[in-house]
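S.K.: Residues per chain, in single letters:
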Amino acid sequence: MNAPLIEHDLKRLLAYHSVENIGIILLGVGAAMLFQVYRLEALAALALVAALYHTLNHATFKSLLFMGAGAVLHATHTRNMEELGGLIKRMPQTAVFFLVGSIAIAALPPFNGFISEWLTLQSLLLSFRISAHTVNLIFAFSVAALALTSGLAAACFVKAFGITFLALPRSEHAEQAREVEWRMRAAMALLALLCVVLGVLPALILAPLEATVFDLTHAHADMQFNFNAVVANGGFGWAAPLWMGIGLAVLFVVIPLALRSIGASRQRRYYETWSCGRALQTSRFEYTATAFANPFKRVFAILYRPVKDLDIEFHPESRYFVRTIEYENPSRLIFEDKIYRPLLRMINAAARRARVLQSGNVHGYLVYILIALVALLILAS
Amino acid sequence: MLTEVTLELLQLFIVALGSPLLVGIIRKVKARLQGRRGASVFQPYFDIRKLFSKETVVSENTSWIFRFTPYLLATTMLLSSLIVPALATRTPLGFMGNIIALMYLFLLGTFFLALAGLDAGSAFGGMGSSREVAIAALAEPTVLIAIFGIALRAGTTSLDGIVTRFAAEPLLMLNAGHLLAFIAFFIVALAENGRLPVDNPSTHLELTMIHEAMILEYSGRHLALVEWATGMKLFLFLTLLSNLFFPWGVALTNTPIALFSAFLALIVKLLFFASAIALLETAVAKLRLFRVPELLAGSFTVALLAVVTAFFLQ
Chain V
39 MNAPLIEHDL KRLLAYHSVE NIGIILLGVG AAMLFQVYRL EALAALALVA ALYHTLNHAT
99 FKSLLFMGAG AVLHATHTRN MEELGGLIKR MPQTAVFFLV GSIAIAALPP FNGFISEWLT
159 LQSLLLSFRI SAHTVNLIFA FSVAALALTS GLAAACFVKA FGITFLALPR SEHAEQAREV
219 EWRMRAAMAL LALLCVVLGV LPALILAPLE ATVFDLTHAH ADMQFNFNAV VANGGFGWAA
279 PLWMGIGLAV LFVVIPLALR SIGASRQRRY YETWSCGRAL QTSRFEYTAT AFANPFKRVF
339 AILYRPVKDL DIEFHPESRY FVRTIEYENP SRLIFEDKIY RPLLRMINAA ARRARVLQSG
399 NVHGYLVYIL IALVALLILA S
Chain P
32 MLTEVTLELL QLFIVALGSP LLVGIIRKVK ARLQGRRGAS VFQPYFDIRK LFSKETVVSE
92 NTSWIFRFTP YLLATTMLLS SLIVPALATR TPLGFMGNII ALMYLFLLGT FFLALAGLDA
152 GSAFGGMGSS REVAIAALAE PTVLIAIFGI ALRAGTTSLD GIVTRFAAEP LLMLNAGHLL
212 AFIAFFIVAL AENGRLPVDN PSTHLELTMI HEAMILEYSG RHLALVEWAT GMKLFLFLTL
272 LSNLFFPWGV ALTNTPIALF SAFLALIVKL LFFASAIALL ETAVAKLRLF RVPELLAGSF
332 TVALLAVVTA FFLQ
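Going down the list, the sequences are from chains V and P. What the first sequence shows, in my numbering, is residues 39 to 419, in sequence order. What the second sequence shows, in my numbering, is residues 32 to 345, in sequence order.
Source of the hints: derived by calculation from the structure; they are not laboratory data. All figures in this text were calculated on a predicted structure; none of them were measured in a lab. Treat the hints with caution; some may be incorrect.
As the list claims (entries may be wrong) - List time: in silico DSS-like cross-link candidates among lysine-lysine, alpha-carbon distance up to 30 Å:
1) V:Lys335 to V:Lys346
2) P:Lys317 to V:Lys335
3) P:Lys317 to V:Lys346
4) P:Lys85 to V:Lys127
5) V:Lys335 to V:Lys49
6) V:Lys376 to V:Lys100
7) V:Lys49 to V:Lys127
8) V:Lys346 to V:Lys49
Bound conformation, chain V alone:
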């Protein structure tokens, strides 16, 4: 989860973020396996259903987000968030679809990410039924890890959506963006609708998932659900996303009506953003993506090892006048240096050795086929 927070390339951010979601899915699967070991089959089935549900949801909202990023790339010819901004006014529908995807991936009610992450959490919390203390502690840490990634995901997508779409455009590309054609928007609309439907009516998908898990494990998942609510473990926890959605919608309409009835003022004036009395408001005064990620870089400094590069060019006449300031804050994620790069180097080295086999000589290839055939015949017998 640390990688997407400092990433400024929209698509790479989304790709790194998939790592987090795969982690959640594997947490569910791992919990299912642990429950199975301790013969708590109903709970194992519950955890597995949660994992599968999250896989499906992830497919939905991640595809939606990637399509949104693609639409942004198509319209602005850049993926760098530091050059975007203000797209919500130029690409309003794409912005709405990307927002739906962001809310879903941050696991906020009432969309689909919430209910699947909720279900995963419930199955992890139910681990107290296992009476081995080490396992319980592992589960406690996994709950903490899940919570942390969930919070960081919300932070990451505030950044992704906020910097890309909101406020003023930070470059020419962003200023001249146009809404993408209807076919791209239709695809995104379909996925956004699916996010909403899977969120408020989980029963639609939980029924087939439960049947699938039953076929696999011959155990009924420890949950009941209908169109109203999802109940885990006979009352250990319940949630009613449909009613939450309805409640939110109803209250959202009631509040402005109530305000109108008490005679609240409805006048509105448009003016500039407060800029401490400066005469000009440009996009240079906005917060940048680098700045937004700064608190995280500080907190997780061990993982990021950020380096501050500050170049100040002074006016030749006097050091009190500054001509330009250039600030760069590159970070190298520790995983990249210690895990990914050595792995890539090993794979490259192995591939270079294996290249010897590709001699281009057809006779050589015929000999390979003969050897492979003989080996298979020996193995099969």
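Got chain V sorted already, so can you dock chain P onto it with the hints?
M.R.: Structure of chain P alone, referenced to chain V:
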């Protein structure tokens, strides 16, 4: 049916109308501790009424998200007030979510407020949003581990189940795990509501503000809604702290007498917490922003201890 609707409406009105009073009481106690007379405890009501009568000034840089967020905040808080066990253990709409769903509902409000902070295109808003989501993200593990600790001893994560189970246990206060979970949850409540030592709710200086920075551009009815929603969030958190950890007086049945005594008990508990917060805010200085993760890490350790004691002392 009628009693259920009445009960829900009663809870809604108590939270909606009582939260400015709670904020007023905290400010008054703080003022007295600082040797001032302080404004009337009803001042937040006057402020909100004044704000509703003023025109809103909306920045040209903003989009619909800016105007949408105050209504969403008020909506999520009002919806939460229908779920939280303020008076009765089991509210009729309490089936909507357990405590985890409630925490995520709060996070929805925070998410949109952070977006609205970025929307105006000012450095203040961006800074406030960045800090706010960082703190919210770091407080999440503590919240869920504290919930785990509670759920372990209550055997359930549904709000009414927890309250019922704890109300039936007389020696609750002597349980170490319970007190540890309470401490962790209290620190998270301070962080989530922007109280000292995490954020100063009465300052408008960019060095010290997180929540105030995000709402800097709001005015008129938008600001009134945001201020009201913030008050409601504090009210709900304190109600959760009171009724989950010290469930004395909560109405176990829905008779008028039980509900009335639950109301009085709630008032007493909220007054106690309001004074405690005011005392804490007077005694403690605001932490440097990059020390806040240390505080949250400390509260996480306390919550983890609560879970461990619940496991090993069962």
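S.K.: Give a verdict on every hint.
M.R.: Now the hints, each set against the structure:
1. V:Lys335 to V:Lys346: holds, 12 Å
2. P:Lys317 to V:Lys335: holds, 22 Å
3. P:Lys317 to V:Lys346: Roughly 27 Å separates the two Cα atoms, so the pair holds.
4. P:Lys85 to V:Lys127: holds, 27 Å
5. V:Lys335 to V:Lys49: Answer holds: Lys335 (chain V) to Lys49 (chain V) is near 20 Å, not above 30 Å.
6. V:Lys376 to V:Lys100: Roughly 28 Å between the alpha carbons, so the hint for Lys376 (chain V) and Lys100 (chain V) holds.
7. V:Lys49 to V:Lys127: Holds, because 21 Å separates the two Cα atoms, which is no more than 30 Å.
8. V:Lys346 to V:Lys49: holds, 25 Å
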